[in-house]
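These are the residues of each chain, in order.
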Amino acid sequence: MIDALISFVNENLGVLFVIAIFPGLAFILGFVIFAVWYQRKYLARLMIRMGPVHCGGRMGWLQLIADAMKLVAKELIFPRAANKTLFLFASVVLPVIPAAMIALIPFAPGLIIYDAAGVSLLVFFAISTLFPVVSVIRGWAANNKFTIIGAFRNIYLDIAGEIPVFLASVGVMIWAGTYDLNEIVLKQASMWFIVPQFLGFIVFFIGFLAMIEKVPFDIPTAETELIYGPNTEYSGAMFLNMMEADYINLLAWTLLMITLYFGGYNGPPIFADPVLNGVFWILLKLIIAITIIFTITISYARLRIDQAVKMGWNYLLPLSILNILLTLAMKFYLGGV
Amino acid sequence: MTTPIKRYSPFGEIEEVGEGLFRLNVGPQHPISGQGRFIVLTDGERVFDIEVDIGYSHRGIEKILEYKTFVQGIVPVERMVMLDTSNILMGYVGAIEKVMDIEPPPRANYIRTIIMEMNRIVSHLYALGLLSESAAWNPAVFLWTTADREPFLDLLEMLTGARWSYSFFVPGGVRADIPRGFIERLKATLDWFEKRIEVYEEAWIYNELFRMRTEGMGVVSRQNAIEWGLAGPNLRASGVPYDTRKNEPYAAYGELDFKIVTHTAGDSYARGWARVEEMKVSIDIIRQAIDNMPDGPVRVRMPPRPKPGEALFRVETGRGEMNVYIVSDGKEKPYRIKISPASFRNFYTIEMLPKTQEILLADVPVLIYSFDPWFLDADR
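Top to bottom, those sequences are chains S and X.
Counting from 301, one number per residue, gives the positions in the first sequence under our numbering.
Counting from -16, one number per residue, gives the positions in the second sequence under our numbering.
Just so you know, the hints here were simulated from the structure itself, not pulled from any lab data.
Computed from a prediction, not measured in an experiment: that's the story for all the values here.
Glycine residues also receive a C-beta, built at the ideal position from the N, C-alpha and C atoms.
Worth double-checking, as some hints may not be accurate.
Stretches of chain S that chain X covers, calculated by requiring three or more beta carbons in the stretch to come under 8 Å of a beta carbon on chain X [stated by the list, open to error]: (1) 340 to 349; (2) 372 to 384; (3) 603 to 610.
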């Protein structure tokens, strides 16, 4: 039995490494810890304060481990009127959905968890539609007024944001002539798609902020109105799962943005160096991207739900359709890549 | 089967507003509620009624004051608004001076004016920080304003010995004269603070998303503002040029030249902006008070007990006009003190607004904090 297991591990060492270490489970959890720490320290600087300093020296790097241990050690509290099965189910399943989306992202030539046979971009969007469904389940199961309001806001926002995002990436699909994320990265070796798809990128970025539910689109979890939106009733390790789901969602969509518009694991085209192509560049781009996102989160006020939905349907949707038409015209006259 | 939900109309009649509504308890344990509760009647997004439930921090200050001598009463009175203690205290001390028939020396009046205007800046900074924080969970502006209060608090500590609750005004003047080096530091701080206000305006007051959230929201018309008894910067943001400092001058305000900030829009944005402009006016008042300050004593002797009688004193606190009414029966303790604070009237306007216009659930925190509510003040 053990011999069979050892031989199985030896035979599939590469696959197991990709799933469990990088870019799989360990990387995703490590990113969550890093992102929360980085957000705290970086935003603290912008707010004229220090951030965590007590745990792990001046940089406070142990603070997140301490917080996670505290949350795991706490009692799991189920509201008396809640549907306990669904309540627990949602908290377990929600972080898995964005993690499954990350499986489709290429991190280096050949370094990809699941190669979806040439349609990985479509699979990415297919999986992402599960997120609001589980979100509604968590809001409904908690049987609380704040959670149910937050859950319905989540549906409104996701529909208003996801359709423009999808249509903007249709522009990339047409320009690149493929549904495959790896192919899209390879076609950006000479020029990143942000240049020919600039209008599409603007639409994508605004919709993207709605998808990751950060300010100015943190409408479902609006803290000043709904406490913590659909997550209000969660405690202990379930709350930790919800936090993780938020940050894994951020990671998945940021990686998609980098892959579609900023050359994925390619270095900048002028310095195209085969040694450096790969993991280094995608991680560097990831850090720059989350720095910009965190800066946006403290620079703006939150939109109201009606303003956000109006922005999605009245401005982003027509612009994304215009972008598709422009891309078709450019492809017809210039010949694409 | 749902039962129809009812609310009181602005005219006190019971009216039905719809079916399938529910009440949200915003507070007392909610990120925005403070020490009170707002019961919001909503269908999920639209808000039909807000009930303000005050009284969670009622301490019976008026009754406490009946058991204290006039000077002992200074300490409990200050606890009404810790941010704005000297303005609150001015009302109490001014009423005592009126009932005892004593006049503070002119230098004391100027020192009082400087302290009160510094306190007004501190109070408005806090209100602006909370307004930004309610429009989004955006603690950046809140922490900026909190950090920028510190130089003023340091100056007040240099002058009075405490960062909060100075107990510096006493019937007949102030406790001490200005220390050496204070005026120079104050002038430097005011120059620096003028630049900080410009930073606020650029980063936040003119911010497009902040304007989207606050403009045209929670409009109080001029007529309604007068009828509902709105007070302070909120009243002036609705276009009513009423400021007790101007209309019924006390301390040194009668001898200084300053303008009343008014806006005509009457929405949440105007209320926030009025506070920014009032801070500029406060800087102006402090500079004039420094330049015109006379020499002389800062305190006159107070008689041990007043003659029987009564007195009413109005004062413009950071949140609006406060009235203090004292009845004395000739003993060393007051017979009765009635304090009518500004926040109580501002809360009434919060209750009335959803009945006159359509607001959404997301507007509720912005609406509440645009009035700069203070439960401890309203509860007393």
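- 8 Å C-beta test of the stretch 372 to 384 of chain S against chain X, three or more residues: violated (count 0)
- Three residues minimum, CB to CB under 8 Å: does the stretch 340 to 349 of chain S make the cut for coverage by chain X? Let me know. holds (count 5)
- Query: Okay, the stretch 603 to 610 of chain S and chain X, do three or more residues pass the C-beta test at under 8 Å?
  - Reply: holds (count 5)
Violated hint: 2 only; the structure is consistent with all others.
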